[in-house]
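Chains as they are written, first to last, in my numbering: chain Z, 25 to 434; chain Y, 25 to 434.
Honestly, the hints are just simulated from the structure, not real lab data.
One or more hints might be untrue.
If several chains are the same, the list does not tell them apart, and a pair holds so long as it fits within one copy or across any two.
Straight-line Cα separation of at most 25 Å, BS3-like style, residue types lysine-lysine; simulated pairs [as the list claims (entries may be wrong)]:
#1 Lys49 <-> Lys141
#2 Lys141 <-> Lys193
#3 Lys74 <-> Lys141
#4 Lys42 <-> Lys262
#5 Lys74 <-> Lys188
#6 Lys353 <-> Lys176
Since we're looking at a predicted model, the values are computed, not measured.
Protein chains: 2
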Amino acid sequence: MSAVDSELLNKLGEVAVKVGLRLQKGQDLVMTSSIEAAPLARAIAEHAYKEGASAVITLFSDPESSLMRFRYGRDEIFDYAPGYLFDAMARAFDNNAARLAIAGDDPMLLAGEDPDKVGRSNKAQSAAYTAVRERITQFNINWNIVAYPGQKWAELVFPDKKAKKAQKKLAKAVFAASRVDVDDPVAAWQAHNADLKTRADWLNGNRFSALHFTGPGTDLTVGLADQHLWMGGEALSKNGIWCNPNIPTEEVFTTPHAHRVNGTVRSTKPLSHNGTLIEDIEVRFEQGRIVEAKASKGQDVFIKLLDTDEGARRIGEVALVPHSSPISKTGLLFYNTLFDENASSHIALGQSYWKCFTDGDTVQGDEVSARGGNSSHIHVDWMIGSNKINVDGITGNADRVPVMRKGEWV
Amino acid sequence: MSAVDSELLNKLGEVAVKVGLRLQKGQDLVMTSSIEAAPLARAIAEHAYKEGASAVITLFSDPESSLMRFRYGRDEIFDYAPGYLFDAMARAFDNNAARLAIAGDDPMLLAGEDPDKVGRSNKAQSAAYTAVRERITQFNINWNIVAYPGQKWAELVFPDKKAKKAQKKLAKAVFAASRVDVDDPVAAWQAHNADLKTRADWLNGNRFSALHFTGPGTDLTVGLADQHLWMGGEALSKNGIWCNPNIPTEEVFTTPHAHRVNGTVRSTKPLSHNGTLIEDIEVRFEQGRIVEAKASKGQDVFIKLLDTDEGARRIGEVALVPHSSPISKTGLLFYNTLFDENASSHIALGQSYWKCFTDGDTVQGDEVSARGGNSSHIHVDWMIGSNKINVDGITGNADRVPVMRKGEWV
């Protein structure tokens with residue numbers, strides 16, 4: 025018997041399609057999945073066709089095949105990433121295809137490979153992926169990320185358990201965080217979306233010009249972009265479809281001002297980035313730019329990440345998550361942003377979400393930049409929240425409004 | 025332990041890259057594979073990178089996901105096939121990417137599905153695939169098909185064996201037919217290519233205008249296209265690379281004249297077409313066109329296949345294989361054209377190989393048609409050879425030259 029309960033996996037597929045994507049009759053769906061996650065991909069295909077999909081196009085990846093490149097490839101090729109498939113995806117989105125990504129691969133896949141090759145490879149891939157990333161981050165179409173409890177991932181999260189037991193425990197945690205271990209997951213998601221909307225509405229009503237984070241190693245002022253909009257839970261895509269881009273999600277988030285971030289911040293959880301674990305990040309911002317950066321582990325990879333392009337040293341997202349979030353309460357480090365970012369307030373290096381503006385469906389690039397929205401080939405979240413972090417909102421009149429105390433909503 | 029010997033699988037990967045593709049440094053490789061065949065895809069990726077590939081792009085498919093479409097998809101969608109990925113492949117080939125296909129999926133995958141949907145789906149897929157198929161059949165780039173001994177395929181070939189034993193036996197047969205169970209597979213292929221060249225050179229020297237097949241249920245005259253060229257084994261692609269498109273291969277083949285085929289022919293082995301087994305095909309040709317067709321099993325699917333387009337009722341390939349070929353001697357029915365066509369002389373409905381003309385690298389579509397080269401969205405081989413079939417070559421002077429007697433070269 026599989027370590028991953030097939031009934032709950034089917035429910036997760038249903039939630040991904042009906043809540044995550046809210047896939048419409050006649051839409052194509054472009055899905056990415058590891059070959060290990062094929063059982064979830066099948067469940068998603070089932071529900072997508074039941075909802076009336078015209079075609080489900082799944083791009084399966086094989087992590088072990090990817091390793092062959094690092095082990096046997098010529099040095100020059102790590103600066104090269106062919107764009108054929110990415111261009112195909114972009115064209116599908118321009119034709120109103122929905123987008124689903126299944127996460128859950130081995131977070132440490134590339135941990136043993138040459139950091140220089142990994143960095144160059146990530147940079148080339150990221151550049152080739154630009155057209156796809158823009159269409160997703162700008163919400164041209166309805167999209168969703170959902171996770172499959174993969175074996176290697178499970179062994180990383182539960183290093184003391186045997187393989188099958190570890191996967192079983194991770195599956196349980198994934199199903200719980202994704203709110204599918206209840207009688208009516210779709211109804212549960214409707215209630216959760218309503219809660220997140222209440223938080224975002226309160227923040228939007230306050231029109232803070234900045235947030236001030238304080239705690240151990242952290243004294244950071246994050247200016248917010250002009251005409252920023254707080255969002256959380258479901259979002260309206262430009263194709264007119266409400267979707268829940270992340271499953272799970274516990275955050276409310278907005279676009280910071282790329283030139284108005286100042287001070288120091290220390291990460292509160294490790295960042296697992298393309299197979300490298302980056303721990304104890306400490307950075308200092310000046311006028312939005314990271315001018316000093318160190319990490320106790322993975323510093324090379326972190327510095328390479330910051331050097332991807334000019335926008336990689338500035339932030340494109342700030343998000344608030346209470347320390348008591350269900351994911352935080354598991355006490356687990358998931359080594360996976362989709363989960364860990366929902367256990368903790370966080371910031372993201374790189375590309376901003378154009379959606380997080382009051383006129384997010386129509387605003388254009390020049391205007392986004394003028395208001396402080398960042399541009400980059402990357403978007404990498406890392407965690408800065410904990411039960412020792414306080415957050416104040418700063419109003420246009422420089423008044424301070426308590427937002428969080430000891431990691432909880434005031 | 026896996027039923028598929030990993031050392032021989034690695035050798036098969038090496039042969040696919042070094043003999044099948046003769047992949048050159050700096051080439052991209054576009055590969056298709058089922059997720060089950062990932063171990064072979066990894067071996068191919070390894071050898072491709074060792075030979076200097078710039079990128080290996082593998083499109084993995086999951087047969088079980090494909091079934092979701094037939095089980096849950098709306099009726100209308102079976103006339104629709106999105107072209108995004110096919111267009112991406114065509115563009116890669118225009119950029120000199122090599123092409124490798126791993127065969128070996130369950131031949132009966134779609135056997136239980138609605139034949140109408142299967143037929144419409146095949147037709148739509150085939151149309152969407154046109155740009156890819158043309159670039160391959162016209163040898164724009166070096167390409168290769170190789171087989172992985174998949175589990176379901178093995179159980180079909182060896183229905184009396186237990187699953188693991190069946191796969192082990194199929195693996196052995198695949199490795200033997202692919203000539204990798206020897207000390208130096210690359211040298212073995214060089215010798216085999218030389219043998220096939222000798223046969224093709226003899227046929228080309230004779231400049232037959234037609235072949236006459238006789239045997240039980242068969243009295244068929246196959247006119248050959250003007251300026252046809254017999255080929256076998258390795259072939260020179262337009263990008264200047266010699267490749268072995270099929271592994272295994274035992275055939276010599278050429279382009280028949282689409283309007284000069286007359287008489288009756290009976291299939292000598294079942295045709296496994298996209299999951300349907302078509303048995304005991306009997307057709308009558310008049311001036312190249314199939315005007316009567318029946319089959320004892322799968323007749324509906326066969327008729328639908330013939331109705332794909334005008335060219336589907338005419339033939340685009342005729343091939344000679346001695347009954348004593350190593351694949352024939354296994355006595356197995358593989359339910360897979362790559363193997364079964366190499367056990368028996370055969371013809372193919374549909375698209376002709378432009379390569380099989382004396383000026384095959386430069387000839388254009390109008391000229392191909394004028395010489396009798398067929399055009400179609402399909403190319404489907406079926407077996408007409410056995411130890412009861414005689415073949416005569418007919419010269420321009422209407423002289424008869426014995427070519428095969430009782431299935432063997434004269």
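Hint check results:
1. Lys49 <-> Lys141: between (43 Å within a copy, 19 Å between copies)
2. Lys141 <-> Lys193: Answer is neither; intra-copy 34 Å and inter-copy 41 Å both fail.
3. Lys74 <-> Lys141: Intra 43 Å, inter 16 Å, cutoff 25 Å: inter-copy only.
4. Lys42 <-> Lys262: within (18 Å within a copy, 49 Å between copies)
5. Lys74 <-> Lys188: neither (32 Å within a copy, 35 Å between copies)
6. Lys353 <-> Lys176: For Lys353 and Lys176, only the intra-copy Cα distance (23 Å) is at most 25 Å; the inter-copy one is 45 Å.
Consistency note: the structure conflicts with the earlier hints numbered 2, 5.
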